[in-house]
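K.L.:
This is what each chain is made of:
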Amino acid sequence: MNVYVVAYPPTLLYLVMHESPGKIVVYKATTLFEYCLSSDPNRPCYVLRFKEITLMLDCGLATQTVLNFLPLPLVPSTRLNNLPGWMPRDISDPQLEGELKECCGRVFVDSAPEFFPPQPKIIDFSEVDVILISNYLCMLALPFITEGTGFAGVVYATEPTLQIGRLFLEELVQHIEQTPKATLASHWKEHLHVLPPPLCDSQKPRSWKHIYNMRAVNSSLARIQMVGYNEKLDVYGAVGVMAVSSGYCLGSSNWVISSHYEKITYVSGSSTLTTHPRPMDQTALKNANVLILTGLTQTPTANPDSMLGELCMTVATTLRCGGNVLIPCYPSGVVYDLFECLSSHLDNSGMTTIPMFFISPVADTSLAYSNILAEWLSTAKQNKVYLPEEPFPHAFLVRNGRLKHFKHIYTEGFSTDYRQPCVVFCGHPSLRFGDAVHFVELWGSNVLNTVVFTEPDFPYLEALAPFQPLSMKAVHCPIDTSLNFTQANKLIRDLKPGTLVLPESYTQPPVTAPHRIDLVVETDRPIISFKRDEVLTLPLKRKQGRVELSPELAEFLLPNEVRTGVSLSTLTGSLQVKDNKHTLKVLEEGEPKAVSTVGKKRIRLVEDILNKKPSNYTWGSLDIDEFIQKITQEGITDAKVEQVASGYIIHLQNEDTLIQVEDSSTHIFCEGDEQLRLRLRNILLQCLNKF
Amino acid sequence: MPEIKITPLGAGQDVGRSCILLSMGGKNIMLDCGMHMGFNDERRFPDFTYIAPDGPLTSYIDCVIISHFHLDHCGALPYFTEMVGYTGPIYMTHPTKAIAPILLEDMRKVAVERKGESNFFTSQNIKDCMKKVVAVTLHQSVMVDGHLEIKAYYAGHVLGAAMFWIRVGSQSVVYTGDYNMTPDRHLGAAWIDKCRPDLLISESTYATTIRDSKRCRERDFLKKIHECVDRGGKVLIPVFALGRAQELCILLETYWERMNLKVPVYFAVGLTEKANNYYKMFITWTNQKIRKTFVQRNMFDFKHIKPFDKAYIDNPGAMVVFATPGMLHAGLSLQIFKKWAPNENNMVIMPGFCVVGTVGHKVLNGAKKIEFENRQTVEVKMSVQYMSFSAHADAKGIMQLIQYCQPKNVMLVHGEAAKMEFLKEKIKKEFDLECYMPANGETCVVSTSMTIPLDVSLKLLKTEAQKHNSLPPDPKRPRVMHGVLVMKDSSMCLMDVDDACKEAGINRHLVRFTSTLRMEDPGPASKTAEKLLHLIKTRLKDWHVQLTEGSISVESVLVKVEGSEEEQKNVYVSWDNQDEELGSYILGLLKTMGH
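Chains as they are written, first to last, in my numbering: chain A, 1 to 691; chain B, 1 to 595.
If you're looking for bench data, these hints aren't it; they were derived computationally from the structure. Do not rely on the hints blindly, as some may be mistaken.
Residues of chain B placed beyond 12 Å of chain A at every Cβ, according to the derived structure [as the list claims (entries may be wrong)]:
no.	residue
1	Tyr50
2	Val112
3	Ser123
4	Pro183
5	Ala189
6	Lys214
7	Arg258
8	Ile305
9	Pro307
10	Ile313
11	Asn315
12	Lys362
13	Glu421
14	Arg508
15	Ala525
Distance condition first, Cα-Cα at most 30 Å in a straight line; then the derived DSS-like pairs of lysine-lysine [said to hold, decoys possible]:
no.	chain 1	residue 1	chain 2	residue 2
16	B	Lys303	B	Lys280
17	B	Lys27	A	Lys384
18	B	Lys194	A	Lys232
19	B	Lys488	B	Lys459
20	B	Lys127	A	Lys613
21	A	Lys578	B	Lys429
22	B	Lys537	A	Lys612
23	A	Lys404	B	Lys303
24	A	Lys585	B	Lys488
25	B	Lys462	A	Lys581
26	B	Lys502	A	Lys581
27	A	Lys286	B	Lys362
28	B	Lys459	A	Lys585
29	B	Lys280	A	Lys232
30	A	Lys473	A	Lys232
31	B	Lys127	A	Lys384
32	B	Lys488	A	Lys286
33	B	Lys339	B	Lys310
34	A	Lys578	A	Lys630
35	B	Lys419	B	Lys194
36	B	Lys362	B	Lys339
37	B	Lys381	B	Lys362
38	B	Lys428	B	Lys27
39	B	Lys127	A	Lys286
40	A	Lys496	A	Lys612
Remember, it's a predicted structure, so these values are computed and weren't measured experimentally. Heads up, the beta-carbon is just placed ideally off N, CA and C, and yes, glycines get one too.
Make a model of the complete structure from these sequences and hints.
P.N.:
Given below as structure tokens:
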């Protein structure tokens with residue numbers, strides 16, 4: 001494999017961080033823009049080395065970089081085309097011309113959006129043996145990691161993670177590919193220092209990449225091996241890996257990585273709220289040596305329940321006034337709960353005929369999959385399939401025409417079904433690509449309309465920046481069901497990990513609310529915090545390994561009880577190592593010992609000696625009287641015992657031999673008489689305790 | 001030697017009433033809890049008094065595992081839990097949990113309402129029973145208690161059918177239930193990993209058959225239907241609501257589509273439609289092809305197959321009707337049969353096995369006139385066809401499964417004795433495995449070998465590995481692990497002798513020997529030492545022989561030469577008792593040199 005190939009390599013773990021780009025929050029209350037491109041523990045990508053195995057935990061992609069780019073409209077937009085170009089003062093690079101445009105004081109790159117994938121800096125991706133994916137939101141970087149990097153490992157994810165993750169990847173690719181840019185800008189990256197914020201604060205824009213294509217998506221996803229919750233997976237016989245339900249979204253999981261003696265748990269996006277996914281399973285996470293905690297809420301000050309209430313109110317109010325509502329969303333996840341809650345809220349408000357449109361290239365697949373994944377749902381939803389009824393009410397909403405879904409706005413049928421006022425769910429939450437761009441352009445100038453932001457990944461004012469000035473209302477109702485700090489602290493108390501490993505940002509109050517000292521992880525457990533691209537050594541000292549003893553060899557064991565309840569037995573066996581599993585078997589004796597002293601046979605004899613390990617060891621002290629008595633019985637009658645400071649010295653004058661006896665040693669000095677020595681040895685061993 | 005004990009209460013050299021008791025490592029597990037469709041008396045349920053003559057059974061059984069929803073595998077479950085009184089855990093897959101109660105209710109209705117049986121379980125019993133069921137997903141490791149672990153594998157026999165791997169300590173068993181090793185129209189093939197169980201308990205319905213390709217049977221089936229409707233005849237296909245019905249519907253649907261046929265195809269409304277809904281929702285349990293295309297077209301949304309109305313019975317012209325129940329013993333299928341049987345243009349296709357005593361059985365045996373309770377007689381002039389579509393592994397499939405999971409012993413159940421005998425010999429011959437086939441009530445004991453898990457100090461492992469890696473590779477050289485096993489409380493740890501003494505809180509007693517040799521070798525002592533070193537080195541090739549400050553050392557053996565230039569030299573050889581062999585060997589070697 002690699003340089004670490006020694007049978008028992010470092011007893012330490014290396015945790016390598018590939019977190020998303022960190023950025024300081026700039027909060028300008030007086031200007032139109034506030035931006036918060038936070039360092040992002042919600043799109044994690046870590047590498048863990050454990051017992052020679054290199055595991056990558058999640059493949060999150062930093063998507064906030066797209067906010068620096070102009071939106072990609074479905075139909076050519078005069079407004080966007082007419083935005084004034086921007087050039088830094090004192091720079092005359094003709095190639096830079098046309099790359100940057102200004103809108104309401106903000107400068108944007110006029111090019112296809114780019115992303116910041118995890119960097120193969122500390123570790124080569126070809127060395128990764130296993131990738132564990134926690135949920136479909138943490139796998140957008142997968143094609144960047146597995147394709148064209150020499151990656152040859154295996155990727156584990158649950159069935160919903162694979163199926164829905166595929167929808168996320170496909171939607172992203174289609175959104176961007178459906179509006180190709182004629183020219184791609186890249187020279188702005190050479191002039192970062194003269195650009196205005198936030199562009200000038202961009203981290204390593206030269207490493208930013210355009211989105212992958214469908215071929216990369218397909219070949220990357222083909223590497224995923226589907227796993228079930230609580231399915232014990234064996235990684236090269238060295239490490240056990242198991243996914244357990246994390247309650248955050250369909251198929252979302254936390255991971256238990258263990259050997260016979262050590263247990264590391266990795267908690268990614270998790271939720272203890274009751275929504276549609278199967279509840280979080282905490283039992284398997286308990287009492288780990290190390291708990292790696294990520295994926296806490298991105299909106300610690302917003303309560304998802306009250307946000308949902310506010311959303312329903314806002315939508316109803318807007319509709320009542322004749323306005324339309326745009327809800328930028330991902331193609332799966334909280335959007336299912338929105339369909340359910342919003343439709344019943346509208347029904348109760350007497351607005352039973354308002355259409356809801358769900359527009360995504362993968363809308364049909366998303367709705368279809370959600371209703372066949374019963375085994376991954378909450379008990380309430382699961383029980384419905386026993387009736388048998390579809391677990392999600394949106395199946396019913398689609399059947400009776402309340403919820404209509406289309407691949408695109410230009411899909412056949414949409415223009416005939418389109419009625420105002422209406423509610424439109426569509427992507428992308430960044431408002432840089434996808435059909436949402438069209439609706440902001442279309443509805444932006446009317447004060448009656450509202451855009452409601454529910455996905456917490458993008459700061460909403462940032463998302464709206466290239467559309468300013470806007471008349472439509474913008475409402476921020478972030479619904480993030482991941483653990484908040486109170487829930488996380490309770491979880492840590494319940495799980496009792498030996499050590500807690502977490503992003504540094506969890507140890508201090510959020511930058512948006514510096515006075516909220518309650519919004520931190522607090523625990524009596526030792527904490528190790530980390531930043532991007534940091535290498536940690538986890539406090540895990542391996543002391544033992546596991547070996548299977550064959551029953552045949554076990555029969556040779558001669559346990560001697562040396563103390564009450566403690567027995568010792570000397571053991572020699574032949575060690576067989578296969579697939580990292582160690583077995584001890586009976587050591588086959590070589591050929592009968594050769595007596596001949598010539599050539600090869602002599603050497604065999606020597607080898608036999610080499611393998612001949614002692615069959616027992618002596619312990620305790622020697623009873624001198626018993627020893628003298630025994631040698632006397634054997635005919636050695638001239639022993640003289642002399643007591644000295646360290647013990648006794650026995651002289652056997654006739655035999656020219658001296659025996660030095662101490663508390664825990666006996667030394668026999670004799671002339672070359674082997675017969676005598678062996679006799680003495682025999683008697684001595686009879687007198688000593690052995691195990 | 002540890003043992004595994006198995007007693008079939010049903011399915012021992014028999015098909016029907018599957019119920020197998022398994023005991024290992026102090027745990028008792030019931031595999032399936034089926035009923036016999038051919039009996040109407042107490043023989044239809046397994047003899048639970050075998051477990052304990054009277055009183056509650058819960059303390060004797062740690063868990064019940066149901067492999068799939070067929071009644072010969074789960075039909076006795078409500079009786080066992082609600083009437084016999086078992087209250088422990090029951091495991092089955094999600095689809096089985098969804099569908100089993102429907103079939104149980106259907107069967108209960110036939111038994112109680114049509115046949116007027118009393119002392120049968122009630123609808124409420126079925127509901128209460130199902131509440132106790134824990135649904136499991138494929139490959140999920142379920143700890144029933146601290147020691148008993150189970151895991152389900154895909155079996156491909158019907159929707160939700162599973163094989164179960166069961167482990168207690170280091171012993172493990174795989175129970176296959178019914179399984180199918182070739183994918184069909186709606187299900188995938190059974191799959192298991194190389195889990196090396198101590199015992200594989202396999203069904204053996206088709207123990208001696210190598211079945212012709214499914215394609216041929218399907219072609220035959222479609223040809224017969226097509227010919228019948230072409231001549232204006234009506235085709236009746238009696239089916240059970242779930243399982244085969246869906247497979248045949250898919251088959252007919254695609255054929256109708258391809259051939260562009262207009263003849264109406266119906267299925268009896270109610271159960272089958274509901275059943276199709278289960279298939280739609282558990283689509284993840286169907287085969288790859290259906291799963292891939294379900295978004296564009298759910299295979300269970302049939303375009304050509306319409307719901308049946310009783311009024312259609314007398315409609316003129318050709319039609320194809322799927323109707324329940326499958327053995328023509330009651331209900332709609334029987335009603336239609338009575339109407340259509342007298343016409344030689346019509347056809348009935350029996351796609352599965354029929355129990356003795358049913359109309360289906362009589363018809364299949366060639367009865368030309370059938371009498372009913374009310375003295376009504378029906379002449380059977382219609383064509384009668386039998387076609388087996390049941391999804392069991394054939395002999396080849398069973399051998400394949402053995403190869404996949406590599407068991408140490410095999411047991412055959414759910415088959416006929418004579419056929420089992422044949423397969424048993426084949427398994428013994430081809431795999432050199434012990435193969436068992438107990439009859440009902442006969443206990444079979446399988447002894448298993450057991451390995452003992454040991455902890456080994458990393459230091460010991462590392463030292464051995466370093467030594468191993470430092471030597472040139474030689475696959476024949478044994479890797480030797482030597483240490484002292486410390487047994488304390490319930491833990492066992494192998495460590496080096498010094499750590500072991502420390503751990504046990506005792507002192508080692510070191511025994512050392514020093515022997516003196518005299519050697520005539522003029523010249524400085526250092527010269528003599530070098531000669532000795534050379535000698536030892538040539539003899540001990542793989543050893544680490546060192547010369548430091550005039551003494552030669554190998555392991556704990558020290559050789560020292562003393563004496564002035566012209567004198568006789570004193571050679572001291574000393575060693576620890578643990579190196580007795582080496583020490584005495586070197587001493588002997590030096591002696592031969594001195595002479």
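K.L.:
Give a verdict on every hint.
P.N.:
Hint check results:
Once the 12 Å rule is applied to beta carbons, tyrosine 50 of chain B is consistent with being away from chain A; the minimum gap is 32 Å. Every beta carbon of chain A lies more than 12 Å from that of valine 112 of chain B, the smallest distance being close to 23 Å; the non-interface claim holds. No beta-carbon of chain A comes within 12 Å of the beta-carbon of serine 123 of chain B; the shortest separation is about 15 Å. Every Cβ of chain A is farther than 12 Å from the Cβ of proline 183 of chain B; the closest lies at roughly 17 Å, confirming the non-interface assignment.
Residue placement check: alanine 189 of chain B keeps its beta carbon more than 12 Å from all beta carbons of chain A (closest about 16 Å). Every CB of chain A lies more than 12 Å from the CB of lysine 214 of chain B, the least distance being 26 Å, so the non-interface label holds. A cut-off of 12 Å between C-beta atoms confirms that arginine 258 of chain B is not in contact with chain A; the least separation is 25 Å. At roughly 18 Å from the closest C-beta of chain A, the C-beta of isoleucine 305 of chain B stays outside 12 Å, upholding its exclusion from the interface.
Against chain A, the non-interface label of proline 307 of chain B holds: every CB pair exceeds 12 Å, the least being about 17 Å. Once the 12 Å rule is applied to beta carbons, isoleucine 313 of chain B is consistent with being away from chain A; the minimum gap is 28 Å. Every CB of chain A is more than 12 Å from the CB of asparagine 315 of chain B (nearest about 31 Å), matching its label as outside the interface. Remark: the non-interface label on lysine 362 of chain B is consistent with the geometry, its nearest Cβ contact in chain A lying 35 Å away (cut-off 12 Å).
At roughly 32 Å, the least C-beta separation between glutamate 421 of chain B and chain A is larger than 12 Å, which holds for a residue marked as non-interface. With a closest Cβ-Cβ approach of about 5 Å to chain A, arginine 508 of chain B is found to fall inside the 12 Å limit, against its non-interface label. With a least beta-carbon separation of about 18 Å from chain A, alanine 525 of chain B lies farther than 12 Å from that chain, consistent with its non-interface assignment. Restraint check: the Cα-Cα separation between lysine 303 of chain B and lysine 280 of chain B comes to about 15 Å, which is no more than 30 Å; the hinted pair holds.
Of the supplied pair hints, the one linking lysine 27 of chain B and lysine 384 of chain A is violated, its CA atoms being roughly 34 Å apart against a limit of 30 Å. Distance check on the hinted pair: lysine 194 of chain B and lysine 232 of chain A sit about 14 Å apart at the alpha-carbon level, within 30 Å; holds. For a cut-off of 30 Å, the pair hint linking lysine 488 of chain B to lysine 459 of chain B stands: about 19 Å separates their Cα positions. Between the alpha carbons of lysine 127 of chain B and lysine 613 of chain A the distance comes to roughly 66 Å, so the proposed pair goes past 30 Å and is violated.
For the hint linking lysine 578 of chain A to lysine 429 of chain B, the alpha-carbon distance of about 28 Å falls within 30 Å, and the restraint holds. A distance of roughly 19 Å separates the Cα atoms of lysine 537 of chain B and lysine 612 of chain A; the hinted pair therefore holds under the 30 Å criterion. Restraint check for lysine 404 of chain A and lysine 303 of chain B: the C-alpha separation of about 23 Å stays at or below 30 Å, so the hint holds. Of the supplied pair hints, the one linking lysine 585 of chain A and lysine 488 of chain B holds, its CA atoms being roughly 22 Å apart against a limit of 30 Å.
Between lysine 462 of chain B and lysine 581 of chain A, the direct Cα distance comes to roughly 15 Å. Compliance with the 30 Å bound is thereby established for this hinted pair. Using a Cα cut-off of 30 Å, the hinted pair lysine 502 of chain B and lysine 581 of chain A holds, with the two alpha carbons roughly 28 Å apart. With a C-alpha separation of about 62 Å, the suggested pair lysine 286 of chain A and lysine 362 of chain B falls outside the 30 Å cut-off, and the hint is violated. The hinted pair formed by lysine 459 of chain B and lysine 585 of chain A meets the criterion: a straight-line CA distance of about 20 Å does not exceed 30 Å.
For the hint linking lysine 280 of chain B to lysine 232 of chain A, the alpha-carbon distance of about 29 Å falls within 30 Å, and the restraint holds. Restraint check for lysine 473 of chain A and lysine 232 of chain A: the C-alpha separation of about 50 Å exceeds 30 Å, so the hint is violated. As the CA atoms of lysine 127 of chain B and lysine 384 of chain A are separated by approximately 15 Å, the hinted pair is consistent with the 30 Å bound. About 26 Å separates the Cα atoms of lysine 488 of chain B and lysine 286 of chain A, which keeps this hinted pair within 30 Å; it holds.
Restraint check for lysine 339 of chain B and lysine 310 of chain B: satisfied, since their Cα atoms lie roughly 12 Å apart, inside the 30 Å limit. For the given pair, lysine 578 of chain A sits about 50 Å from lysine 630 of chain A by alpha-carbon distance, which is inconsistent with the 30 Å threshold. At roughly 27 Å between alpha-carbon atoms, lysine 419 of chain B and lysine 194 of chain B fall within 30 Å of each other, so this suggested pair holds. Taken as a hint, the lysine 362 of chain B and lysine 339 of chain B pair is honoured in the structure, with Cα atoms around 17 Å apart against an allowance of 30 Å.
Between lysine 381 of chain B and lysine 362 of chain B the alpha-carbon distance is near 14 Å, which keeps this suggested pair within the 30 Å criterion. Annotation: proposed proximity of lysine 428 of chain B to lysine 27 of chain B holds, straight-line Cα distance about 29 Å (limit 30 Å). At most 30 Å may separate the alpha-carbon atoms for a hinted pair to count; lysine 127 of chain B and lysine 286 of chain A exceed this at roughly 35 Å. A C-alpha spacing of about 47 Å is found between lysine 496 of chain A and lysine 612 of chain A, which places the hinted pair above 30 Å, so the restraint is violated.
Of the hints listed earlier, those the structure fails to meet are numbers 14, 17, 20, 27, 30, 34, 39 and 40, in rising order.
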